[in-house]
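Engineer: Build the full structure now, drawing on both the sequences and the hints.
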Amino acid sequence: MTHTTSSISHTRIIVAGLGGIALLLAAGIVMPKWLNFLLTLAAANGLVSLGIVLLMRSGVVSFGQGMVFALGGYAAALAYGKLGVSDGLLLTLIGGLAALLFSLPFAYLIARYRGIFFAMLSLSLSMVLYGILVKSEVLGGSDGFNMGRITVAGMRPTDAWSGYTNYALTIAVSGIIAIAAKVYFDSTRGLLALAARDNEIRVEYLGSSVRELIATNYLLAAFVGGMGGALAVMALGHIEPNFSYWTTSGEFVFVAILAGHHSVLAAFVASAVLEIVRSFSSLYFPNTWQLALGLFLLAVIRFLPRGIGSLWEARRKQGAPS
Amino acid sequence: MNLALTILIDGLTYASWLFIVALGLTLVFGVLKILNVAHGSFYALGAYAAASLVGWFASMQFAPEWSLLAMLLAAVIVAAIVAPLCERGLLRFFYGRDEVLLVLVTYALFLILEDVTKLIWGVNPFYVSEPYALFGSVDIGTQTYVGYDFLLVAVAVVVGFIVWWGLNRTQIGKIVLAVIHSEEIAASMGVNVSRIYTLAFGAGIFLAALGGALTAPMISVQPGVSVGVIILSFAVVIIGGLGSIPGAAIGALIVGIARSAAVHMMPTAELFSIYLVMAVVLMFRPEGLFQRAQARKI
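Protein sequence lines correspond, in order, to chains A and B.
Per my numbering, the very first residue in the first sequence carries number 1; after that it's consecutive.
Per my numbering, the very first residue in the second sequence carries number 1001; after that it's consecutive.
A portion of the hints provided could be inaccurate.
As a list, the in silico SDA-like pairs of lysine to any residue whose alpha-carbon atoms are at most 25 Å apart [said to hold, decoys possible]:
#1 A:K135 <-> B:A1261
#2 A:K135 <-> A:F145
#3 A:K135 <-> B:L1276
#4 B:K1033 <-> A:D198
#5 B:K1118 <-> A:L291
#6 B:K1033 <-> A:R112
#7 B:K1118 <-> A:S281
#8 B:K1118 <-> A:F285
#9 A:K135 <-> B:G1224
#10 A:K135 <-> B:A1269
Hints were generated in silico from the structure; no laboratory data involved.
Computed from a prediction, not measured in an experiment: that's the story for all the values here.
Structural biologist: This is the structure:
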């Protein structure tokens, strides 16, 4: 009975998710170019923040997701420039896999840490990568390097459609990852993360390994973060060491806190909110956009401590039959 | 031999100002349990305030010796104005919340202060030459070193001693230690914990601003000086152990010497070396080199 209910629920999520992707892809055709670009970046960055949300559900926060973002970006840009791989989807997968493989040796180690120590170790790893990248002449040093236009299914888009191609690819990949994340969040293993967040000793006594759970979630976060980095660099056409700098990681945490850990969709909505606030602040208050962002973040932490996802999650629970 | 001496002196100079800044960070963490991301912004405010005040003293025809007082005054002014504003006006509303969330609150504060600094001082760089010129140069062997660097080392030793003495040998220091140990018990014994928080935060900000003021003659004071200092300070306190004064000293020395050795022997590893030391210490001694691991409480 429970299994049937769960299957129906999953089917509903998949249908709703695919419907949402189709709607966004159709809307993208009529959108102004600036909005296309803004949503492309929001979705790509949202993937990295979704990884942090995944970790937050297990009770830890990474302040170093810039590392996987940069790894994904550099891997995709290098595969494009040095190996001649131009397919957008393949480059996205290369970015995700590169971040996953690089994070693999650290996963079980970092899973031992909690609270501020988890945050600091992840931060220091991302800064080690930054330190290497910034001095690496082969990778363009502090200036980074450019990347050309991608192809999709063997076709290279024209100038007029290149922005939409990146948008469509990013929305499709982010949408599918979001559906998979929602299914994972609602699975037994996904819910175990929330139990570990509440009381990990209780979870250990029930026979599950919290360390293994956090390590797995860390690797999943690395994979989606790497894909986010690859998609971002394809849209921007440029990669630089700042992808791995602590301020970039700080923005991803900003979005994750803004989203809260209860909703997958919230990670992307929060990422879009950040991009919109940043774009409009830099347009109308070019010298004070960081001030506006800071005040906005403080307001969210103060008045919406469980994130914007709590707005519709609470409403959904109220509407659910008791 | 010359290279070793140069590495040592450069490392000591770098460690000196870093120790002063990191001491403020570790003090704030020890008392308020906040890992303050905005600490670098207070360092930047100190540097800017010192640049302005030293310039003003020079324009008023004060003797160059007065520039040292101007730098100290700049740090005092920053601490007296900014610390109560931030602690009473913002941070106190978040006490008791998750420590990682508090890091985010200070991250927001960092973003705000970045723009506030630009609004006050603009985006053009400031240069402070008076204090640097005051101490001339010192010849050791065949090498010539800047005299001001040795002043920094002396100031760091004095500041470290004052903080240690203040915490361990004065009544207010003992009260601060009592709050660090257990704020609930301290409050039940009649200690005004809020006041201690304000005081400790003010002292921490003063140390950050003093570090900024003292380094102002060595750098061009411009937007962006704060971002690098934050991570360097984190590295120092993580290596030494959060909340430990001797730890901050040793952490600063390790970071200073590691950076100096990298700059002189392998320039490509300058940044990498510092963060690598931080990561390795976190991997093998997560509580820092000078902190004992605490047993997990069920």
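Engineer: Look at each hint and say if it fits the structure.
Structural biologist: Tested hints:
{"no.": "1", "hint": "A:K135 <-> B:A1261", "verdict": "holds (16 Å)"}
{"no.": "2", "hint": "A:K135 <-> A:F145", "verdict": "holds (13 Å)"}
{"no.": "3", "hint": "A:K135 <-> B:L1276", "verdict": "holds (14 Å)"}
{"no.": "4", "hint": "B:K1033 <-> A:D198", "verdict": "holds (21 Å)"}
{"no.": "5", "hint": "B:K1118 <-> A:L291", "verdict": "holds (10 Å)"}
{"no.": "6", "hint": "B:K1033 <-> A:R112", "verdict": "holds (21 Å)"}
{"no.": "7", "hint": "B:K1118 <-> A:S281", "verdict": "holds (16 Å)"}
{"no.": "8", "hint": "B:K1118 <-> A:F285", "verdict": "holds (13 Å)"}
{"no.": "9", "hint": "A:K135 <-> B:G1224", "verdict": "holds (19 Å)"}
{"no.": "10", "hint": "A:K135 <-> B:A1269", "verdict": "holds (7 Å)"}
Consistency note: the structure conflicts with none of the earlier hints.
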